[in-house]
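Line order of the protein sequences matches chains F and W. With our numbering applied, the first sequence closes on residue 111, and no number is skipped along the way. With our numbering applied, the second sequence closes on residue 1166, and no number is skipped along the way.
Just so you know, not all the hints are guaranteed correct.
Computed Cβ-Cβ distance ranges for the label pairs, DEER-style [to be verified]:
hint: 1; chain 1: F; residue 1: L40; chain 2: W; residue 2: T1103; range: 48 to 58 Å
hint: 2; chain 1: W; residue 1: F1084; chain 2: F; residue 2: F10; range: 41 to 51 Å
hint: 3; chain 1: F; residue 1: E39; chain 2: W; residue 2: D1036; range: 38 to 48 Å
hint: 4; chain 1: W; residue 1: N1115; chain 2: F; residue 2: E39; range: 43 to 53 Å
hint: 5; chain 1: F; residue 1: L48; chain 2: W; residue 2: A1059; range: 18 to 28 Å
hint: 6; chain 1: W; residue 1: I1119; chain 2: F; residue 2: M20; range: 14 to 24 Å
hint: 7; chain 1: W; residue 1: L1044; chain 2: F; residue 2: K41; range: 35 to 45 Å
hint: 8; chain 1: F; residue 1: L48; chain 2: W; residue 2: I1041; range: 32 to 42 Å
hint: 9; chain 1: F; residue 1: V97; chain 2: W; residue 2: G1039; range: 17 to 27 Å
hint: 10; chain 1: W; residue 1: W1152; chain 2: F; residue 2: E78; range: 46 to 56 Å
Read the hints as simulated data drawn from the structure, not as lab findings. No residue lacks a Cβ here, since even glycine has one placed at the ideal position from N, Cα and C.
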Amino acid sequence: MKVKPLNDDFIVVLNTVASMIVIICSVLSFQLLVGISRELKGLKTMDLMWKNFIIMTNLFILLGITRAVGSIGTIIFEGFFPVFEALLSVTLILFFVFAIQLSISIEEITE
Amino acid sequence: MKEVLKIMKKQTISFAFFPLLMFSGANLMGLDSGIDMSGTIVRLISFLLGVCGATYLAAGLWSRSEKGSNSWKYLSISMILFVFWNILGAFSILLDVLTIQATGNEVAVSMEALNLYKIIVKVLDPVIEVIVFIILLFGLRKIIYAMRTKPWTVFSKDEDEGEAIE
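Bound conformation, chain W alone (with noise of 0.2 Å):
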């Protein structure tokens, strides 16, 4: 009985401890093809959820500024571009793992083709950020004009705006 219970106490810890052992093993799979795997999978993770978050927050800004001020279209826009620098950051990653499984023949994708895509990812990626921060400061400064000028058309349309879209 006693040697049932030391054996079920062992494979209880084993089963306890297999999620850290399962990730262990992913990072070591990684490390001999010379990939990070828990970074990467961090990375990959957090700019995927950055994707989700930006769109959800991109749809709600523009909802309120349809009903609103317009200024918050302009944040919205920003959470747009913001969406496409993430999926860029997520395709890079991607990039990089083809990359280096090219190297060792595992990929059937062409180097040129894969050094194509590098280089269009590398020149977007900071042509992307610096739009998308111009127009959140845009976004920003209409935004506290508002507020300072006529708070009351923060949150519902200005009459005036209305007649002058009609």
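Isolated chain F, as found in the complex (with noise of 0.2 Å):
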């Protein structure tokens, strides 16, 4: 069976316009944290796992938004490709140190 190679305007349309999608979910879910921290606020002692979770939830749309914004430019301009990947990479190991720490304190909570 003979592949036929995929439009390459395909995928950059593709990933365009999924990174656009990110973008404006990662700003709402942004406006959305702003709002739970402020209903934390009231409480006079902020809960260890919902600084975790502020913090997690935090680095995630980071990381949402580092992967569009660098889908994009990578379409702009190659040389950002390992710019953004770096960044990616270290995103990622800070959002597993604090997913585990939320995990852990979210543990706590159910016990």
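The two chains are supplied separately, each in an independent frame; assemble them into the complex guided by the hints.
Quick look at the structure:
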């Protein structure tokens, strides 16, 4: 079976549309996160779980924005690719740390 | 005695820098075949760490949703999809390495099959990414709605909700 190579333009358009949707979703999620932290400000002692939750979600949003901006930036100038890949790797490692912290604090609450 | 000490000192220094030498060697080895080895390894490790962290978090959020509000379930599903996204990322690195090696006829994988896998990864990657962030948005909306209207339902099951299910 011979595989017909997919048009590169299609991939570029798909990536650009996906990146735009991700950027919009990330900005809206960030706004909601600000709302959540405002709700929590009323509490005198902000729970460790909520602190971790806010940091983790912020990192997740940052990850999405980096990936989206990276894929659009790479279309414009390919030299950006290693920079965005490095940023993505650093954010992913930080995400791992806070995801573990958050799940430990969630477990403590569940028990 | 002095000679022996000198040799020992030299050996200690070379031993201390051995990991660095190993990494530089790996990088040079990679550059020979056209792959930036250190960069690839860091990317691969970060994707694998992302898989571990997101899986652990998805499990924690799922157990939370069973004992508390259903809104945690949205975040858990988002994390599960994020795991798939990371697996795709790791798979794309593998495909890149295989493609470079296949050009030098070092791998017994046909270029057609590699191209097919690459196309599948390239199409699936943005699709999964969009779904992950849309579900995250809905999950956060549900959580903030619960916090504003019925704050006690965030961490415990709502009685009305429980009755409705029964």
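Hints, verified against the model:
1. F:L40 to W:T1103: 48 to 58 Å: Roughly 54 Å apart at Cβ, these two residues keep to the hinted range, so it holds.
2. W:F1084 to F:F10: 41 to 51 Å: Violated, at about 22 Å.
3. F:E39 to W:D1036: 38 to 48 Å: With Cβ atoms ~46 Å apart, the hint holds.
4. W:N1115 to F:E39: 43 to 53 Å: Hint holds: Cβ distance 50 Å, inside 43 to 53 Å.
5. F:L48 to W:A1059: 18 to 28 Å: 19 Å, holds
6. W:I1119 to F:M20: 14 to 24 Å: The hint (14 to 24 Å, Cβ to Cβ) holds, given that I1119 of chain W and M20 of chain F are roughly 22 Å apart.
7. W:L1044 to F:K41: 35 to 45 Å: Since the Cβ atoms of L1044 of chain W and K41 of chain F sit about 40 Å apart, the hinted range of 35 to 45 Å holds.
8. F:L48 to W:I1041: 32 to 42 Å: Since L48 of chain F and I1041 of chain W have Cβ atoms about 34 Å apart, the given range 32 to 42 Å holds.
9. F:V97 to W:G1039: 17 to 27 Å: 21 Å, holds
10. W:W1152 to F:E78: 46 to 56 Å: Taking Cβ atoms as reference, W1152 of chain W and E78 of chain F lie about 53 Å apart, which means the hint holds.
Hint 2 from the earlier list is the only one contradicted by this structure; the remaining hints agree with it.
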